[in-house]
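There are 2 protein chains.
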Amino acid sequence: MKLKDLGEDALIDIIAAAYSPATGNGIEKALGDDTSVTTQEGSRLSTLVTTDTLVEGLHFKDSYSTPYLIGKKLLSVSLSDIAAMGARAKYFLISLVLSPECTDDYVKELYRGLNERAEEAGVALIGGNTTSAGNGTNVMTSTVIGEAQAEKIIYREGASAGEDIYMTGTVGDSALGLKVLGEDLNEPYKDAVRRHLDPQARSEAGALLGERSLATSMLDISDGFMKDLSRLTTAGKVGAKMMLTDLPLSTDTAKYIELTPKGYDLLLSGGEDYELLFTAKKGKAMDIQSISKELGLRITNIGETTSEEEIIILDHDNKPIELKFKGFEHFK
Amino acid sequence: MKLKDLGEDALIDIIAAAYSPATGNGIEKALGDDTSVTTQEGSRLSTLVTTDTLVEGLHFKDSYSTPYLIGKKLLSVSLSDIAAMGARAKYFLISLVLSPECTDDYVKELYRGLNERAEEAGVALIGGNTTSAGNGTNVMTSTVIGEAQAEKIIYREGASAGEDIYMTGTVGDSALGLKVLGEDLNEPYKDAVRRHLDPQARSEAGALLGERSLATSMLDISDGFMKDLSRLTTAGKVGAKMMLTDLPLSTDTAKYIELTPKGYDLLLSGGEDYELLFTAKKGKAMDIQSISKELGLRITNIGETTSEEEIIILDHDNKPIELKFKGFEHFK
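If you read the protein sequences in the order shown, they are chains A and B. The opening residue of the first sequence carries number 1 in the numbering used here; numbering runs sequentially from there. The opening residue of the second sequence carries number 1 in the numbering used here; numbering runs sequentially from there.
Isolated chain A (complex conformation):
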């Protein structure tokens, strides 16, 4: 069967089935989370590694982005994975597959973006690799290495029923921004466009949630709120219940919802939010809000986990909503 008929989740199942889960040899976590976690013999700290790929035409287009912004985004997507483990990023490597028609100015701008994001995040470039794309398109892979104390790392599967569910920032801005770039809308939604082109990893929030042991489970929203919420609850063998009106919106997405019937379809299914979605024990609310204050970053309690393994989102009439799209599907 072709991948376009199978979809990404089935592909990941195939890959997972090809491997018995790696254990021993210092491995704390192999597949199935935002990053791998390994611990060197005799070391106080665990090492986290993640790798992400951006493909021209799919994850970025030269027609509406710039190499500078692509560089920033390339690093951000992997920084976000490290943050989602409650860890701190330390080093990165960049693997570039570039068209021979690419210019040196393009590469310089790409690295200016990488460099700027790296400095903000306090990570150092330690390696990489460049290859010609031949007749193909540009493909860029970032690998980020982080570290954390083993007992502070936050995995996907730690949630229990009756906990609070939180997310950082706002939902769906990137999806709205992408929509603006692809079609003519009456509103410019400039902040949403910026959020799509220059996503920020929530590095400090993630690290603090880990270091202060505030979250029971966490991931970053990269393939759409609904899809990633479903991954988090499935991993924790819990369900979730929330009010649609509790989901945090920006000025742009609030306006979009106001103007668009069924607008939530886009916001809850579009990818690349790069916000953190996590669960926490009741009673941690004040500690979590103090991180929000320290960082000037919105962190919203959006609902709670339930023992029934289903996700229920209630609209303002207290009726469960039905969404047309479930999240971003690679390959399909």
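For chains that are exact copies, the list does not tell them apart, and a pair is met inside one copy or across any two.
Cross-link-like lysine-lysine pairs, in silico, PhoX-like; alpha carbons within 20 Å at most:
no.	residue 1	residue 2
1	K237	K282
2	K108	K4
3	K61	K2
4	K281	K237
5	K282	K293
6	K108	K2
7	K282	K241
8	K241	K281
9	K319	K262
10	K61	K108
11	K282	K152
12	K190	K255
13	K190	K61
No wet-lab data here; the hints were simulated from the structure.
For this one, chain A is given, so just place chain B on it according to the hints.
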């Protein structure tokens, strides 16, 4: 200027210039060697990371390879980098950009190859990422993580004048194999074809050279013997002098040389040998040969380093040879 006019080395210079060399924060080596080397605070061992990318149509073709062999090769190329540091590989991650037209059988075969090579090398899959290639070609990236005691790691720049130069295996088989796949030759050169499609990383030889402190500098031959020899001597600020007849040939390459005037042009410039090229103090010859015996792997003393920073290869008449090609040039 376009990358096809600049070439890979100029591109790497641009990238290096965009960055002041990263130091501190546990970094022993960032750019400029086969892998990065970092050491976690308080750890006895250093961590080595390398990333390599194979592009369909350039590094492999479905018309003459199989996904099983591509999987093996994908891992081998990164294992070879770890070996070239005198270290042992431990974990790997795979990032796949696959066409939606790709089948699940293709992916299964790819992972069967990866799995087999991983078991041989004793490395465990700990992570990765899959993305659609859209309308583009398949691009596959392997990231391998290894470890070694910091003081045992072998860098590119350690050579001094008056040392012996060695290489493992034989030279140019992969280039000959690729030639066979691309055009009709009178001889089938089957072993050379196999060497191109299924290169072996010299993992155990590399690790033992490191652990026994036998090499002063080392790299793997991936972009052609001449180009990589020149990288090794440039890094060590030395030259090299050798006899053409001392270069180790396989049955296939020896026959090719016999039948082909100027046949060395191909063998010394073609990429993807994945043999180790290293320098060692005089007096280490017996220790090096005992590794050769232990592993049943040819290791040949091919010449010596000189204080004049030039590479001289003498033919059977003691005349310096001139090569038409200098090595594999990405982008050009």
